[in-house]
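> Sequence:
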Amino acid sequence: MTSTDAASQNQKLLLIDGHSLAFRSFYGTPVDVFVNSQGQHTNAVHGFLSTLLSLIKSEKPSHIVAAFDLAGGTFRTEEYGEYKGGRAETPQEFLGQVELIQRLLEQLNIPSVTVERFEADDIVATLAKIGQQEGMEVEIVSGDRDAFQLVNDTVTVLYPVTTGPSKGIRRMDPAAVEEKYKIPPHLYPDLAAITGEQADNLPGVPGVGPGFAAKWINEYGNLDGIIENKEKIKGKKGEALREHLDDVLRNRRLNRLVDDLELPITLADAAEFGPRDPETLNELFDELEFRSIRQRLAEVFSDLAQAAAARIDISVESVQTIESAQEFSDFVEGALAAITAAERPVAVPERLARALVLYPVVDEDAAEAGNAHEQNLTGAVLLGGARAGWIKFAEIDAATEKALSDWLADENQKKIVFDTKLNVKSLAARGFRLAGVVEDPVLSSYVCGHVPSARRRFFEAMMEDLTDAYLRTEFPKAEVKESAQGELFSLEAEVDLEYVALVARYIQELAYALHADLAEQNQLKLYEEIELPLATVLAQMERAGIAVDSTVLAELKDHYNTFIKQATEEAYRLIDHEVNLGSPKQLQAVLFEELELPTTRKLKSGYSTDAESMADLLTRIDPDSKGAQFLLALQMYRDYTKLKQTVEGLQKATAEDGRIHTTFQQNVAATGRLSSTDPNLQNIPIRTEEGRKIRGAFVVDPRTVDGQQYSTLLTADYSQIEMRIMVHLAQDEKLIEAYESGEDLHRFVGSEVFGVAPEDVTPEMRAKVKAMSYGLAYGLSRFGLSKQLGIPVEEAAQLTVNYFKRFGDVGRFLRGTLKEAHQDGYTETMFGRRRNLPDLGSSNRARREAAERAALNAPIQGSAADIMKIAMINVAARLEAEGLKTRMLLQIHDELILEVAPGEEEAAAAVLSEEMSRAVELRVPLDVQVGSGTSWHEAGH
DNA sequence: GTGAAGGCTTA
DNA sequence: GTAAGCCTTCACA
1 MTSTDAASQN QKLLLIDGHS LAFRSFYGTP VDVFVNSQGQ HTNAVHGFLS
51 TLLSLIKSEK PSHIVAAFDL AGGTFRTEEY GEYKGGRAET PQEFLGQVEL
101 IQRLLEQLNI PSVTVERFEA DDIVATLAKI GQQEGMEVEI VSGDRDAFQL
151 VNDTVTVLYP VTTGPSKGIR RMDPAAVEEK YKIPPHLYPD LAAITGEQAD
201 NLPGVPGVGP GFAAKWINEY GNLDGIIENK EKIKGKKGEA LREHLDDVLR
251 NRRLNRLVDD LELPITLADA AEFGPRDPET LNELFDELEF RSIRQRLAEV
301 FSDLAQAAAA RIDISVESVQ TIESAQEFSD FVEGALAAIT AAERPVAVPE
351 RLARALVLYP VVDEDAAEAG NAHEQNLTGA VLLGGARAGW IKFAEIDAAT
401 EKALSDWLAD ENQKKIVFDT KLNVKSLAAR GFRLAGVVED PVLSSYVCGH
451 VPSARRRFFE AMMEDLTDAY LRTEFPKAEV KESAQGELFS LEAEVDLEYV
501 ALVARYIQEL AYALHADLAE QNQLKLYEEI ELPLATVLAQ MERAGIAVDS
551 TVLAELKDHY NTFIKQATEE AYRLIDHEVN LGSPKQLQAV LFEELELPTT
601 RKLKSGYSTD AESMADLLTR IDPDSKGAQF LLALQMYRDY TKLKQTVEGL
651 QKATAEDGRI HTTFQQNVAA TGRLSSTDPN LQNIPIRTEE GRKIRGAFVV
701 DPRTVDGQQY STLLTADYSQ IEMRIMVHLA QDEKLIEAYE SGEDLHRFVG
751 SEVFGVAPED VTPEMRAKVK AMSYGLAYGL SRFGLSKQLG IPVEEAAQLT
801 VNYFKRFGDV GRFLRGTLKE AHQDGYTETM FGRRRNLPDL GSSNRARREA
851 AERAALNAPI QGSAADIMKI AMINVAARLE AEGLKTRMLL QIHDELILEV
901 APGEEEAAAA VLSEEMSRAV ELRVPLDVQV GSGTSWHEAG H
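Quick note: the first sequence uses my numbering, first residue 1, plus one each step.
Some hints here could point you the wrong way.
To be verified - As a list, the in silico SDA-like pairs of lysine to any residue whose alpha-carbon atoms are at most 25 Å apart: (1) LYS805 x GLY775; (2) LYS602 x PRO584; (3) LYS644 x THR934; (4) LYS734 x ASP809.
What the hints assert, rightly or not - Have a look at the derived ranges for each label pair, beta carbon to beta carbon: (5) THR77 x VAL793: 52 to 58 Å; (6) ALA461 x GLY211: 54 to 60 Å; (7) GLY225 x GLY85: 30 to 36 Å.
No wet-lab data here; the hints were simulated from the structure. Beta carbons: idealized from backbone N, C-alpha and C, even for Gly.
Let's have the full structure, built from the sequences with the hints guiding it.
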């Protein structure tokens, strides 16, 4: 193979018929969504760029050229005045968009070629020929069928289909053309000459379509052959052909593409595409008011840049074992100096230029034996650049431990830590305090929109996913070898130093890439002022846990069990046999076959047996019937089984210290909320009296631990925080006033919507507007509202109309939120937290509408989450600053639970309610309700 | 053992 | 209609 062959081997030339793609994009992208504030429509520009980016990503061209038509005549109009005549006038909204596309292409360094008196097609044909001669693969993006004549083994036409079900790019290779037209591509112009081309205003032979044209071509070889044998063609169609032969010949002259034009560019000019100057490009995007697509563009081109650059090895140079205080300080100094010296794929962000990776290493054996909520540490890896140090806790003297301890607690010694919350806990268990964490990939990736799926929340999976996404390489997995017995076991019992140091190096490179992404997305503030400090607060809460009274739990379990037994026996008696009441499948057989009850809503297989369906069934059947009695027994069985399971879960989760230590997930909820697992303490029952009893088992710790006692539990919750945020964001003066006056909001809204005095608002009216108001924050539809309230859809629709008539600002706010979300592809909370919603662009209606509801809710729910997080940080800081021993234990979205030290009751209540209500200043007051008692049940009253 | 389906709890 | 987590059953490895 010669060197030229090698060079051209992977070269691919992408040719774009600019006007054609612009037009296709115009009709394939909603026109009313893409308008900038100057009133310039930009939908064609957006669609064009979007297609271009997908093509660059999927086709990986080495060269790109766009060809455009010029205004004014071409050699074709000179020959035939009506060529392309009779077209509808260009839509008003399309005007100016081609110029914008050309400016965009210029910024992307993609040549836009025009030639006087010729069309874009001719330029494309010329370039296709040149590319082919150079041995390149050629792909032509064009919605003009004339381009099909260029198709051969190395030239493909990518034909955009912008509407209909088969939306996307159709790849027209020789086989595809032949399949569609039953003739080889080079004969396509012969066929088109006969049938004519409506789009070009070229009439063909009347009554002859592509079927007959193809038949003739196959019979006589080509158009010339047909003309030679024209007398042999019989019937009306033969007659019509002979009559319109001049048209056919003219069509054939006009649809022949010219492939030997003189062009103002060479192929070399097409090879250097990519953003020219980020600032100018951003200015153009600002002008277009495009947001989300910038990210896509950056991704596409950073992929290219990374693929083009030689892959940089992520490796560790040396691992030094640190055994003395002197070695420790020498190492820290050396590692800090090594940061900038190391070779790496990503530049070091300035804020991380003097930060070392801290990677505490878990003792696997001890971890399995000990309790799960704290890891047992065997030592720690420190790393700067490619230099690693290893400190084994068991093998250092007091002076070394002191040096390490001081370094960990010094907030001026900056650290990069993967999972701050976990490591603050683990280090605390060993008596170390951790401060100065400036980067945590768990949190930065979350803020950047990376929400790990439930199954990929563990360390290795996250490292794999983030390494793939940000470093474009593979994360090396821990080695697992087979033992002689064939069992799999990890070799990490004896710490594999080389490996853990390498992991630290990957954490470092991820930190750099993620931190840069944070800065780019303008989210450093949210990250540094909320998420990072919150991690330490949460670590303290998890470490504290909440005390439970195991006697109460045991009694509750017995209590619930008696009802379960009663319900089970009653159910069996009614149907004369046993059945597993926990099995929906078996229940279906009993209810709908044996008892022949009316059917409920359909599921994938069978009919629903859920509580709502059962309640509905009860209203439809004779209350004295066997069926009704069975349903009542089932309801009781379900209610009490659920409660018993909850109690059992809590019993299992109670640690040796008599407390339950939940884990707060800080990086899994799409809106910015926390979640709680192992066990979930955010869904402890409250709505029924029987369920509420479980809250009585959560108590203030009766014991004295390390000389510390506690006297009460203190709870505080925000009242109607999401409604208040909606009113604030919508700036609805009437609702703001209602909140300021301290009036019952739903009563006020009810009086407005139903046009009665506030005192005349009935409970039904109040319930309706309350559901409506909350529905708004959930992106409600009139169908959802009608179902919720059990009223006809028309009444729900009328209610909505009346609501927005009175509170127009709320409607405007919601519409504006949706429009912005569509434009940007994401929503933002008051503090700039983003939620990406790629499904807003889905062609699947159900998915799109679900994304729209999420878009309406995310800014509201997310802002509430932000506010609570700020309050938590401030509460923790105030408690510490005032030297109080009172501590925070739980957060349940809009509620905080504190354990109060004796004598601090008043001070703690003041701190809590003050910090919660002043976490943010809104146009409406943030009411906080406080309660206290010796149990959660009592405090919640 | 694993994963989906169905069901239920919270804010 | 939003956002979560956890339980049991059942079919499949």
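> Determine for every hint whether it applies to the structure shown.
Hints, verified against the model:
A threshold of 25 Å between alpha carbons decides the hint, and for LYS805 with GLY775 the separation of about 17 Å falls inside it, so the pair holds. The straight-line distance between the Cα atoms of LYS602 and PRO584 is roughly 13 Å, inside the 25 Å bound, and the hint therefore holds. With a C-alpha separation of about 23 Å, the suggested pair LYS644 and THR934 falls inside the 25 Å cut-off, and the hint holds. Under the criterion of a C-alpha separation no larger than 25 Å, the hint pairing LYS734 with ASP809 is consistent with the structure, at around 9 Å.
Against the hinted window of 52 to 58 Å, the Cβ-Cβ separation of THR77 and VAL793 comes to about 57 Å, which satisfies the hint. Distance hint check: the CB atoms of ALA461 and GLY211 are about 56 Å apart, consistent with the given range 54 to 60 Å. Between GLY225 and GLY85, the C-beta spacing of about 31 Å keeps the proposed range 30 to 36 Å intact.
The structure meets every hint from the earlier list without exception.
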